[in-house]
Amino acid sequence: MLISYNWLQRYFKKHLPTAEKVAEILTFSVFEVESVEKIDSDFILDVKVLPDRACYALSHRGIARELAAAKPDLQMSDIRHLRMSDICKLKPLAIKIGNSADCRRYIGRRVEVVKVRPSQNWVKECLDSIGQRSINNIVDAANFVMFDMGQPLHVFDADKVKGAIQIRRAKRDEKIIMLDDKEIALDSDILIIADDEGPLAIAGIKGGKKAEVTNETKNLILESANFHPTLIRKTARKFNLQTDASKRFENEISPVIAQTAMNELSALIAKVLPDAKFGELVDKYPEPTKPRVIKISPDLVAQKLGIKISEKKINNILTRLGIADGIIPSERLDLREAENLVEEIGRLYGYDKIPAAKLPDAKKKVPANKNFYWGNRIRQTLIELGFSEVMTSSFCSMGEMEIEKSLASDKAFLRTELTNQLFASLKFNTLNAPLLGLKEIKIFEIGKVFLESGEETHLAFNKIAEAKSVLEKALKIKISAGAFNDILEINLGPLIEKLPEPKAWNIAEPKGLAFRFQPISPYPFIVRDIAVFVPTDVTAEKLWVVIEKGIGKEKKLLVNHYLFDEYQKADKKSLAFRLIFQAPDRTLTDAEANKIMEQAAAAVSQNNWQVR
Amino acid sequence: MDKNQTAGHLHPISSAILQIREIFAELDFEVAEGPELEDEWHNFDALNVPKDHPSRDMQDTFWLKQPENSQFLISNSQKEKRFLLRTHTSPIQIRYMEQKIKEGIKPPYRIIVPGKVFRNEATDTTHEAQFFQCEGLYVDKEVSLAQLKWTLLHFFRKYLGQNVEIRLRPSFFPFTEPSVEVDVKFGDKWLEMVGAGLVHPNVFRVVGLEGYNGFAFGFGLERLLMVKHNIPDIRLFYSGDLRLVNQF
Chain A
1 MLISYNWLQR YFKKHLPTAE KVAEILTFSV FEVESVEKID SDFILDVKVL PDRACYALSH
61 RGIARELAAA KPDLQMSDIR HLRMSDICKL KPLAIKIGNS ADCRRYIGRR VEVVKVRPSQ
121 NWVKECLDSI GQRSINNIVD AANFVMFDMG QPLHVFDADK VKGAIQIRRA KRDEKIIMLD
181 DKEIALDSDI LIIADDEGPL AIAGIKGGKK AEVTNETKNL ILESANFHPT LIRKTARKFN
241 LQTDASKRFE NEISPVIAQT AMNELSALIA KVLPDAKFGE LVDKYPEPTK PRVIKISPDL
301 VAQKLGIKIS EKKINNILTR LGIADGIIPS ERLDLREAEN LVEEIGRLYG YDKIPAAKLP
361 DAKKKVPANK NFYWGNRIRQ TLIELGFSEV MTSSFCSMGE MEIEKSLASD KAFLRTELTN
421 QLFASLKFNT LNAPLLGLKE IKIFEIGKVF LESGEETHLA FNKIAEAKSV LEKALKIKIS
481 AGAFNDILEI NLGPLIEKLP EPKAWNIAEP KGLAFRFQPI SPYPFIVRDI AVFVPTDVTA
541 EKLWVVIEKG IGKEKKLLVN HYLFDEYQKA DKKSLAFRLI FQAPDRTLTD AEANKIMEQA
601 AAAVSQNNWQ VR
Chain B
1 MDKNQTAGHL HPISSAILQI REIFAELDFE VAEGPELEDE WHNFDALNVP KDHPSRDMQD
61 TFWLKQPENS QFLISNSQKE KRFLLRTHTS PIQIRYMEQK IKEGIKPPYR IIVPGKVFRN
121 EATDTTHEAQ FFQCEGLYVD KEVSLAQLKW TLLHFFRKYL GQNVEIRLRP SFFPFTEPSV
181 EVDVKFGDKW LEMVGAGLVH PNVFRVVGLE GYNGFAFGFG LERLLMVKHN IPDIRLFYSG
241 DLRLVNQF
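Those protein sequences? They're chains A and B, same order as listed.
Under my numbering, residue 612 is the last one in the first sequence; the count climbs by one each step, no gaps.
Under my numbering, residue 248 is the last one in the second sequence; the count climbs by one each step, no gaps.
Next up, chain A with everything else stripped away, as it sits in the complex (with noise of 0.2 Å):
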């Protein structure tokens, strides 16, 4: 939710603290901002509302009161109603709710001799600072009050709707033709304000065309309604029109602030058309809410925080929040038990003050995990004998489980076997084993397969001469499963099923050292070899360092570098290095690292040593 810094600031009586400190403050008492911008002469916060607080905190006035709840002496001031001229005797307003499941409350009003024209300056600039463009006086007044205090407002043309104002289901058939000409087709799932003769809006989503407010509007009717949040959210879903309305209605907001709501569209349109004419409020509410009541004993709030905190201060952090002797402000639906005022009170506490308290004893032994344990066995006997874990996607292109809105057509399945992937890998590191320093590839993996009978966790490692045996004597099991190129892929839940409990935790675990990881570079590299005669006394590590003083400083390119041959023949021994050259940056050329073994075969010769 955007909030404007300077919106906020008409809250309060006190100038407000920098809209970065603001931005601080919700952060550790209820919500996370998640940017301050400065435009013009404002700061907006873009501010986290997450879907418990969405009913009372899509809005300013929530924002504000979160504010003040964190730091009383910013002094919030009372929330003042405008005054608005005497209510007039007008045309009856009929309202009909056909389900008050669908539509808890209806409130109406008809509106007289309005002259529809641009907004004052600061009601546009209020708009324009969240991002909302500036409609006319009446729109505009129903989308302000909305961001101000939460409760979606809508406004007919009064002389274009005919009859009663009906809540209801649409009919199958039945269309409207939105404020953007497009046409919808309606059905039986979709709730709808109509006149006698058809559909007017889409309930707590978006207005039609037919009574829309244009320049020539004369006379209004206002609502402030409250309808079932599933209803609004299946339906925004559907056609794909999430509105500003239609997101807090299906986060739920209650029916009691849609008299608020109405008095303050009403009171604002009487200020800015003082010549208006207001009818009588007609409103339709089948059930009224009741107050909820919540008690809270500090001894819970001791138990669930850790920390005791007087009754005193308990109350007056409820008192903060509106909440005198357990009765609960209307708008917060979001606090329905004594959990609820646990975090209320933890918060405005401070998570800070809350003390760190180390767990009892347990009184019995861990046991070992039986799958966990052997999975991590296998994988221990693997990295003796020379394998590295690779993992890879769960997601391909084909399979026996399909995805129902995957990211990509590749990603559509859910692998059924690990095979596949594990070939790849092993191809793709088979081209950078020179530079992993290997002479072979030895990978395996671990993971889940997805198949019509359900999950397995599968096993699939590559040279299967070499590991199957040491696995079986490992596991004291004989291990029977399809290979093919050479990777062998087991189920591990039937083999697992066959081995023992573990009695203890024996596998012995890395030392999870802090090094700092050394970047993979995208640009290929390339391999030199270097070999030479020396006399029998001069070591392979002696040979390095004069070759490696030849490279000098475009040692950095050097990636890697390892002895790979070495023979003796009569007097004179060879000893031949492979090189690796990459750089981070770009692609390294043919002739750079040509140059770069010139000049090691040049410090090489300088000894006297020949390069073969």
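Just so you know, the hints here were simulated from the structure itself, not pulled from any lab data.
Errors might be hidden in some of the hints.
Claimed, not checked - Here are the simulated DSSO-like pairs of lysine-lysine, each with C-alpha atoms no more than 27 Å apart in a straight line:
1. A:271 - A:115
2. B:102 - B:158
3. A:284 - B:100
4. B:158 - A:358
5. B:185 - B:106
6. B:185 - A:364
For chain A, the structure is supplied; the task is to place chain B on it using the hints.
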């Protein structure tokens, strides 16, 4: 890289899991596991995430198409159930407690659950459609936020280093109340690392342990490794690339 090395390398995720197991085993937490292919009830409903509620949108879900004549579905005789790739390791909280109650074993329970989870979101250097989480759950007669704070501080000091600090911020998860986000100060930076809280009473109601208390937490293993070792791209973990693995 050591040229003369004959031993291979554990994948950094497996290596982290073993280290985490060791740290929590000292606190008497045992390892629990569960399916990656999960039903909607365990992943959402039982964890107090109602159907058709915006809180389900917090986790983009991979739903599975219902195959016709699937043996899997028939054998589970749950044709009406919808299946998904688990979006978190939290369903194991439910599965573990259900299992223990079936075995007649009452709390205290202490488990950690390392495992792969899935989110249907576009991938980039910090987001992957698959990643690993480690869940923790402690259930007892009395469990407090102060104990959660101690446990996480203990873990991060053992895993990242003794000078690590943590701080709690308010957050929301349907299955915990209060819910907190835990930031970890590593080097001179505060990093968002863990979602946690006290187990919501509705979760205990679902499994039939009303009146008990607990804490739960969950953190991403890739993020932990990326922070500790300065790894720039989460996608490296599943590339099957030994240039990553062999550094560990």
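task = Could you grab the alpha-carbon distance between residue 284 (chain A) and residue 100 (chain B) and see if it respects the 27 Å cut-off?
result = The hint is violated at about 51 Å.
request  = Quickly compare the C-alpha distance for residue 185 (chain B) and residue 364 (chain A) to 27 Å and report which way the hint goes.
outcome  = The hint is violated at about 34 Å.
request  = Given the hint that residue 185 (chain B) pairs with residue 106 (chain B), test it: the Cα-Cα distance must not exceed 27 Å.
outcome  = Violated. Residue 185 (chain B) to residue 106 (chain B) sits at ~37 Å, over the 27 Å cutoff.
query = Hey, residue 271 (chain A) versus residue 115 (chain A), does the alpha-carbon distance stay inside 27 Å?
reply = 13 Å, holds
ask   = Between residue 158 (chain B) and residue 358 (chain A), does the CA-CA distance stay at or below 27 Å?
value = Answer holds: residue 158 (chain B) to residue 358 (chain A) is near 15 Å, not above 27 Å.
task = Mind checking the alpha carbons of residue 102 (chain B) and residue 158 (chain B) for me, to see if they're no more than 27 Å apart?
result = 35 Å, violated
In this structure, the hints that do not hold are numbers 2, 3, 5, 6, in rising order.
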